[in-house]
Amino acid sequence: MKIQDLTIAQAHQGLVNKEFSSVELCKAYLEKIREKDKDIFAFLSVTEETALKQAEEVDDIIKRGENIPVLAGIPCAVKDNIMVEGLKCTAASKILENYIAPYEATVVKKLKKEKAVILGKTNLDEFAMGASGENSAFGPTKNPCDLTRVTGGSSSGSAAAVAADMAVYALGSDTAGSIRYPASFCGVVGLRPTYGAVSRFGLIAMASSLDQIGPLAKSIDDCQIVFDTIRGKDQMDSTSVDMRVENNGLKIKGLKIGVPKEYFVKGVDKEVEKIVKEAIKKYEAMGAKIMEVSLPHTDYAIATYYIIMPCEISANLARYDGIKYGYQDKGNNDLMEVYLRSRGRGLGDEVRRRIILGTYALSSGYYDAYYLKAQKVRTLIRQDFEKVFKKVDVLMTPVAPTPAFKLGEKIKDLLQMYLCDVFTGPVSLAGLPAVSLPVGKIDNLPVGLQIIGKPFEEDKILEISKLYGNN
Amino acid sequence: MISKEEVQHIAKLARLGLTDQEIEKYQKELSLILDYFEKLKEVNISGIEPTSHSIKVENVLRKDESKGKGSSRKLIESFPDRKEDYLKVKSILK
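Top line first, the protein sequences correspond to chains X and F. In terms of the UniProt record's numbering, the first sequence opens at residue 1 and continues consecutively. In terms of the UniProt record's numbering, the second sequence opens at residue 1 and continues consecutively.
Just so you know, the hints here were simulated from the structure itself, not pulled from any lab data. Predicted model only: the values in this text are computed from it and were never measured. Warning: the hint list may mix true and false statements.
Claimed, not checked - Partial list, derived from the structure: chain F residues whose beta carbon lies under 8 Å from chain X: (1) Met1; (2) Gly17; (3) Gln21; (4) Ile33; (5) Thr51; (6) Ser66; (7) Gly68; (8) Phe79; (9) Asp81; (10) Arg82; (11) Glu84; (12) Tyr86; (13) Leu93.
To be verified - If you anchor each label on the Cβ, the simulated ranges turn out as follows: (14) Glu5/F x Arg319/X: 49 to 55 Å; (15) Asn248/X x Arg82/F: 37 to 43 Å; (16) Ser363/X x Ser52/F: 34 to 40 Å; (17) His53/F x Arg319/X: 37 to 43 Å.
The beta-carbon is built from N, C-alpha and C at its ideal position, and this holds for glycine as well.
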């Protein structure tokens, strides 16, 4: 086994047994990045110097014969909308092209406390707005499985970095599928935690009632390790909570798995459907009970999401004014011109589109018809899940209706692109945790199974994911 | 269909400087998306409460006390334009 193929636990054992040092591990990954990333473009910045320094510190601890935490000395990557103090944080936007993070995101603080090594910051759709990775102001990330195809977004670089062995694991963020979707397209494991399970302090906000940070990794165990490290209440994020549903003695025999019929409809690739159904059958063979269920408001989720999200974006992105930080275009005249030019030129096409949409939907006379209405439909979507979770333990669905599509294939067709979130969006609107688990391939293109749990039952859905590989 | 003037007005409210071409593009795209939203008309929402957050969060309070300077120095250093430690903007009062 090559040093870059190791999971967190394996790499940790290697470090503890002195088979290799953290510096050696780190250099192997940096070498991989040098070799591969000019074609893939997973990283917006590689922080070789600080990474090697972090690795040396861990090697010193090992040399002194002291114990190290499991993440110590293990190289990871961080999506470039999560702040690492002192490093550039661009959100893949021109408006933040030279912005240096003035403080540390809580999740990063937690990783650093465990002595993690950060290799660099990963590419994304600008401000995490996109389903393909193509909206990055600095160029798209390409899928390591097929360089002519997208990685899925918005955590495009994080998924690609893990898939191409350029990091052991990565942090991403998920608003309507931005961890699960690229995880599915790139064939890695991704976890979107329950809304509130992980602090968002230091995450560049997109749609605050939906945004959540989570891990992308090579194995389910790795996802669990990273999630356990970053989870929990943080006084800097008032929406975070300390909730954990203990997963005592999960039994696959008799476990009730719901399969929502609205997720197996026209528009889903036949091969994707087949692979996902076969994966579900595998659980049936292990003794689980498969039950068809209905989530009747599924079809309204995308319209609901595309009202709520832009409204929240228009408010959240008002802070990029060209005055306090980031790109400034002085113009020739008054202060108004500074705003108009800095924002007009600093923000990309999709970002501006969503700001206009949100501003429109929130403007006088339209609030009830759009935002308030969408919030009410959101209640119905949430209740759909609450009702089925009275009958079943977990839900299983495809993550995406298709495998990775070609670069440029959907970028010109807005609605097609927006509909990518059709199976991941409803879960986000309900605030539920979900795993994207690779369960098959169409030729060389991975397909993900989505396992959705009740609020704060991450441990359970991860445990269920693990059973897939063990059987 | 949403009018060109409406898009211009919205863009100004959002402080986005757009070219005429861009306005026209967004006019078409916005209309397309707003048409898609019509779908929600089918849903009966009478008596349904809105969801603003998917989990219930109560008010979270803390003591209003200073925790030192924090990142203030770094924030000042990231001003695009400044005089000493003051943020510099164009004159507003003529």
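Tested hints:
1. Met1: This hint is violated: Met1/F lies away from chain X, its Cβ roughly 13 Å from the closest one there, beyond 8 Å.
2. Gly17: holds, 3 Å
3. Gln21: This interface hint is violated because 12 Å lies over the 8 Å limit.
4. Ile33: holds, 6 Å
5. Thr51: Nearest chain X Cβ about 4 Å off; hint holds.
6. Ser66: violated, 15 Å
7. Gly68: violated, 13 Å
8. Phe79: At 7 Å from the nearest chain X Cβ, Phe79/F passes the 8 Å test, so the hint holds.
9. Asp81: Where the cut-off is 8 Å and the nearest Cβ of chain X is about 7 Å from Asp81/F, the hint holds.
10. Arg82: Result: violated, 10 Å to nearest chain X Cβ.
11. Glu84: violated, 16 Å
12. Tyr86: Since the shortest Cβ distance to chain X is 12 Å, the answer is violated.
13. Leu93: violated, 11 Å
14. Glu5/F x Arg319/X: 49 to 55 Å: violated, 28 Å
15. Asn248/X x Arg82/F: 37 to 43 Å: Since the Cβ atoms of Asn248/X and Arg82/F sit about 57 Å apart, the hinted range of 37 to 43 Å is violated.
16. Ser363/X x Ser52/F: 34 to 40 Å: violated, 19 Å
17. His53/F x Arg319/X: 37 to 43 Å: violated, 21 Å
Comparing the model with each numbered hint stated earlier shows that hints 1, 3, 6, 7, 10, 11, 12, 13, 14, 15, 16, 17 do not hold.
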